[in-house]
Amino acid sequence: MSSALSMPARRTSPGVFVALALTLAIGWLVVTIQGGRLFSVPTTVSLLHVAAGLGLVAVGQTLVIIGGSLDLSVAYVVSLSTLVAAETMGGADAALLPGIGLALAVSAGIGLLNGLLVTGARINPFIATVGVGLILKGYLDNGYDGPAGKTAPSLVRSLGYQRIGPVPVSFLLLLGVAAAAWFVLARTRFGHHLIAVGGDPEVAKLSGVRNGRVLVTAHVLCSLCAGLAGIYLAGRLGSGAPRVGTEGLYDLESIAAVVLGGTALAGGTGGVAGTVGGVLLLAGIDAIFNQLAVDAFFKQVIRGVIIIAAVAVYAQRARRKAVS
Amino acid sequence: MQLVERRPLPLRFRAGSLVPIVVLLAVLLVLVAVRQPGFLSPPSLLSFLGRSTPIVLLAAGQYFVIVSGEFDLSVGSLVTAQVVVAARLIDSEPSRTWPVVALLLAFGIVVGALNGLITTRLRVPSFITTLGMFLILVGAVYRWSGGAPTGGLSEEFRRFGRRAFEDVPGVGRVPYALLVLLVVATLAVLLSRSDFGRTLVAVGGNPRAAELSGVRVWRAKTLAFVLSGVAATIAAILLGGYSGVSFQAGAGLEFGAITAVVLGGVALGGGRGSVAGAMLGALTLETLFALLNFYGVSGALKSTVQGGIILLAVAVSAVRSASR
Chain L
62 MSSALSMPAR RTSPGVFVAL ALTLAIGWLV VTIQGGRLFS VPTTVSLLHV AAGLGLVAVG
122 QTLVIIGGSL DLSVAYVVSL STLVAAETMG GADAALLPGI GLALAVSAGI GLLNGLLVTG
182 ARINPFIATV GVGLILKGYL DNGYDGPAGK TAPSLVRSLG YQRIGPVPVS FLLLLGVAAA
242 AWFVLARTRF GHHLIAVGGD PEVAKLSGVR NGRVLVTAHV LCSLCAGLAG IYLAGRLGSG
302 APRVGTEGLY DLESIAAVVL GGTALAGGTG GVAGTVGGVL LLAGIDAIFN QLAVDAFFKQ
362 VIRGVIIIAA VAVYAQRARR KAVS
Chain S
319 MQLVERRPLP LRFRAGSLVP IVVLLAVLLV LVAVRQPGFL SPPSLLSFLG RSTPIVLLAA
379 GQYFVIVSGE FDLSVGSLVT AQVVVAARLI DSEPSRTWPV VALLLAFGIV VGALNGLITT
439 RLRVPSFITT LGMFLILVGA VYRWSGGAPT GGLSEEFRRF GRRAFEDVPG VGRVPYALLV
499 LLVVATLAVL LSRSDFGRTL VAVGGNPRAA ELSGVRVWRA KTLAFVLSGV AATIAAILLG
559 GYSGVSFQAG AGLEFGAITA VVLGGVALGG GRGSVAGAML GALTLETLFA LLNFYGVSGA
619 LKSTVQGGII LLAVAVSAVR SASR
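Just so you know, the sequences run in chain order L and S.
Its first residue numbered 62, the first sequence is counted upward by one per residue in the working numbering.
Its first residue numbered 319, the second sequence is counted upward by one per residue in the working numbering.
Hints are computed from structural coordinates only; laboratory data are not their basis.
Backbone N, C-alpha and C define an ideal beta-carbon position, used for all residues, glycine too.
Hints may be right or wrong, so weigh each one.
Stated by the list, open to error - Stretches of chain S that chain L covers, calculated by requiring three or more beta carbons in the stretch to come under 8 angstroms of a beta carbon on chain L:
#1 442–450
#2 509–522
#3 556–563
#4 624–630
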């Protein structure tokens, strides 16, 4: 079996991009027939903004999932990060960097906690990150009833609303982070170790990989990505928002995007490029339905069907490949 | 290479032992009794058990799914869907009570069977299947009811959740729900000790070995999902009666049930644990909530304490099982 010998990190998954192209083509056709415009500047811009927020979280999620773990606390990290950033900044440009720095530091700390609970205390990642999420939820619910703090105007102008042509700066940030994550996975020792740990922790350990350290790093990176998404959302909203992460379903949607992108939930295979495709697919469906003025609840039903169907298709392909 | 395993704690229990969860439950009960001596008197204890019945049922259903190596994240949304559907179909018309109850059961079975068949036959990871089902059920039920629950439950329907046998000699008030709990708990324990129950554990422990020894893995797992769907239906009937109709009826119950199961010593990933442990885990969780109430922990901070205690409890049991 030659396919088993090839590097997992380099195996790209074009499936999601085919699905993306088909979805956008069909969506464009339907929207045009209905007399709308799918690729007008405002729709494209809002599509890319949706993709930027979800994408930043999903890229981080990809790293932990490849390592065989999972992070269900990201939605709360996103909310917390918007608050830390906006409250530190207090509407002053002078406090821009401290605000960003503190938000990222808090996020990294949460990631460290997640990682230590999973590796050191050997708690199942599902339970560990739900537990940490509950702790953060209590803090947020107890301390905040509504928006708080004020984002520095320069952040609102730049990351929040600035764009080059139809492409928002935030989407460029997502592409930058995704490229960095791709590089880390494909070209660095940490990346190879992470894939090894996700594929078979025992074998990785026996080959001299320090599993614990690798997984903790992945969790810190994942939380940093969620923190970055929070900073972007603080720029977008102009203040800290204690419910923005949970209302956006960032935890479950980011996992859905990762899986749509062809990364196995069991760990060990997958990549960041697919995740970006998965994010664009989810954001694209959103944009199409908005154009067609589809009811928000029905949209959710379709979304559920698409996620299940896409993963079913992957599973059939993987099985066929395994048989041949 | 480290050949000698570290043994951090001398405490050792048989895998799946009930000792840890019983000890934890006893400690919590003592703490509650210290604060609120009346809690352990029969009437208040019985009504507490009655109130806890829905989550105990969900934990029992979740046990069968988890021990077979899968997850069911759709139970919370299924509970919400059932409650809202029941209210709209019954529309305060007593004569419709029993047909609707039958319909709900059928619906629960169908949802469970779909979860199971998609997971086993289409090989979609159950995390994704049931997450998709969650999105579908929530979206569909919101859309069907036009954004706000309509209709109302009949008194006949509500009595299961809110009525009781009055003036039972010796103990006073015995809620109907408690009777349901006893019946279902007995059935669950018998089922888990039957051939089917043992098969499920084998399937979760090593699906390949189970398959090779002639088990139809897909059928066993699908039945487990159906059991979870039925448990959610009964929980929905009790919850609808006890707390009424709302879109929040089942919110978060899936995480509650999974947490309870894990607290009860059942391994996520399958193959280890007992249904009695899972149900005791649910009772422990409910006792914890009662304790937090009695100690005046504010509603918002409750989740923080809950998260902390869950992490602590699972960490302790993880360290212990690692020292086996």
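These are the hints, each one checked on the structure:
As drawn, the segment 442–450 of chain S meets chain L at 7 residues by the rule of a beta-carbon pair under 8 angstroms; at three or more, the given contact holds. Only residues whose beta carbon comes within less than 8 angstroms of a beta carbon in chain L count, and the segment 509–522 of chain S has 0; fewer than three means the coverage is violated. Coverage of a stretch by a chain is defined here by at least three residues with a beta carbon nearer than 8 angstroms to that chain's beta carbons; for the segment 556–563 of chain S and chain L the count is 0, and the condition is violated. With 5 residues bearing a CB less than 8 angstroms from a CB of chain L, the segment 624–630 of chain S meets the requirement of three and the coverage assertion stands.
Checked against the numbered hints given earlier, the structure breaks hints 2, 3 and satisfies all the rest.
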